[in-house]
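Going down the list, the protein sequences come from chains L and C.
All residue numbers for the first sequence refer to the working numbering, where the first residue is 1279 and numbers rise by one.
All residue numbers for the second sequence refer to the working numbering, where the first residue is 5 and numbers rise by one.
Worth flagging that the hints you see were computed from the coordinates, not collected in a lab.
What you are looking at is a predicted structure, and each value in this text was computed from that prediction instead of being measured.
Idealized CB from N, CA, C, for every residue including glycine.
There are no misleading hints in this set.
In silico lysine to any residue, SDA-like type, Cα no more than 20 Å apart, as pairs: (1) L/Lys1401 <-> C/Asp137; (2) L/Lys1398 <-> C/Glu27; (3) L/Lys1398 <-> C/Glu357; (4) L/Lys1516 <-> C/Gln288; (5) L/Lys1542 <-> C/Ser29; (6) L/Lys1516 <-> C/Leu329; (7) L/Lys1542 <-> C/Asp102.
Label pairs and their in silico Cβ distance ranges: (8) C/Ile391 <-> L/Gly1323: 52 to 60 Å; (9) L/Arg1481 <-> C/Leu354: 29 to 37 Å; (10) C/Leu40 <-> L/Leu1394: 24 to 32 Å; (11) L/Glu1492 <-> C/His397: 34 to 42 Å; (12) C/Asp102 <-> L/Gln1346: 21 to 29 Å; (13) L/Gln1346 <-> C/Asn194: 45 to 53 Å; (14) L/Ala1338 <-> C/Phe298: 28 to 36 Å; (15) C/His302 <-> L/Asp1499: 56 to 64 Å.
From chain L, some residues computed to sit far from chain C (all C-beta separations above 12 Å): (16) Thr1308; (17) Ile1365; (18) Glu1438; (19) Ile1444; (20) Glu1477; (21) Tyr1479.
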Amino acid sequence: MRTHLTRNRLSIAALMYLFLCSVSAAEVETKGYDIAKRSDHSDQGFSDSTASITMVLRNAAGAESKRQLEIRTLEVMNEDSGDKSLIIFSSPRDIKGTALLSFAKILEADDQWLYLPALKRVKRISSSNKSGPFVGSEFAFEDFTANELNKYTHKWLRTEPCAEFICDVIERQPRYENSGYTRQIAWLDQAVYQMRKLEFYDRKNTLLKTLKFEDYEKFNDGYWRAKRLLMHNHQTEKNTDLLYSNYEFKTGLTANDFVKGVLKRAR
Amino acid sequence: MRAKTLLSYLSLALLLTLTAKAEFSGELGIESRLFLKQAQYAEQLNALQTSAFVEAEWSFMPSAHTQLSFVPFIRLDTRDQNRTHADIREAYWLYMADEWELLAGFNREFWGVTESRHLVNVINQIDAVESLDGEDYLGQLMFNLSLQKDYGRFSFYLMPLFRERTFSGAEGRLRGAAVVDKNSTKYQSNAKQWHPDFALRYAHYIGDWDLGLSYFDGTSRAPMLVINSSQAHLIAHYDQIKQLAVDLQYTDQQWLWKFEGLLREGQGHTFLASVIGLEYSWFQWLASNADLGFLIEHLYDGRDLEEAPRSHQDNDIFLGLRYSLNDFQDSALLLGLMRDLDDGSSSLRLEAERRLGSQLKLELEAQLFINSSANATSRAFQDDDFIVLRLAHHY
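Work the whole structure out from these sequences, hints included.
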């Protein structure tokens, strides 16, 4: 009897456990999404921004090379499409004036045009090269363009201390095609909801890269931006730092500043 | 002469306008071109042709809506005096409003999508002594108004001064049996180089399609080359043409489908010409950081063989391979083979480049002419196989 009862109790417990599990699976997804959304929405209304970036590339032996670029972003207030961005290189000098215009999409391929100053030519380029290195750096194209909330599914993993903050740890999986990642793990702080660390797992689900976000500053009373993004590749031991300066918001850029026709005179 | 005087006044005025606030950049380089075979024609140089060049760029924004640009270019060639030349690639004033912009001065414009031939690219004259690939252009004086609408960009061009094409001198290689006489250029228009040329372009994109439509009415950039009465020189003859052109690209994942076509009247019978092709990119080739691209294009040109400027791209196929390392040094290599499907004459071209340090760039170019004797146009180049090594300092 006792055994029977125990067995019954056990099966009831197992059923309840399964039920709880399925609830919590949905719950961690809702919670993960909500936390990611809260972080994404903390940035809403920035309208447009410009910044200068020094990109420092360092190989395993420590040899360094630098690129200087400017990035302009136009916020698109629609969760079904992404922002528009324009990246203009000023050094190395032989690629000065090279510009990349991107219209981010959520699940479809982004629209991208490259301007080549030597021939004054604007070229529509394939954006399926998501996992390829961006100008020889440890950042892939998708690391630059895939920061839209709905490009991922989100799952809350745990809460844990991270440096001086308490962070929610979220696992996100790309929903778009041609990603080089199976998943990413993001640390989002609970104080101002900004990303502090991001880990990238390659197609074999092995840790590929870690990106650290440092020196956050609050601009225009509301928009947090990290001024140092440090990417480390665990497999090649190469590093790329992005050092941001001259952040400006609401500069008056319009959609007409993000058309292929203006690439040739972008400075 | 008048054009030259105007050029120097304009450049002086611009130099004075550009203050120390201007952004300054440019490149300074040396180049050695080695010809692998003995020259076909008397007077032509043999072996090594060395030259130095400089292209400087001043860019200045006096206000948020105004931009001034000045880009002079000079090449000094030790062997071919025609290749020693100077040009103002750009010298313009640009006003930018939100929905329109107006440019006045010398500028370069590029239209088109294909790789083997820039068929619809018609605004600028080719600086033919610079390179055989037709990718160096002389600055064109223009008034250019552009309107940006939700449904595309409209650009209008008025070009009051025509630029003659540059040609190799008597000592130069890569020319025909006779030299072009610069002093006896002929024009169909009585206004000669002062004929006001006009162009209009509409460009837009819809989803994965990029479209350009253009119209040109003016002096043909390509001249007819006619032998003079004493059979000693060639005379460049520039016709008046009207041309309607389209360029189209469909971007589908790793595939780029490209088309350029034109309909031209004014040089013999009205004719069609086209380039249709495909580019496939294998990104991160064999799990490396490098990209490998494959190109194939077909070139057709239905021009009148007697009354239109020669083109040796009447029924040709182009095969290309592009290899980009995506490294610190932006190393890249391009290999292209062009073959005439009617007579089998071919040309193989290699371009490679790599940055050294942060400011030096090393470039290698080589071109071989294969079975050239089969074709009346390319026969002139049959002994002109060459290799170019170029080192430039970018500042």
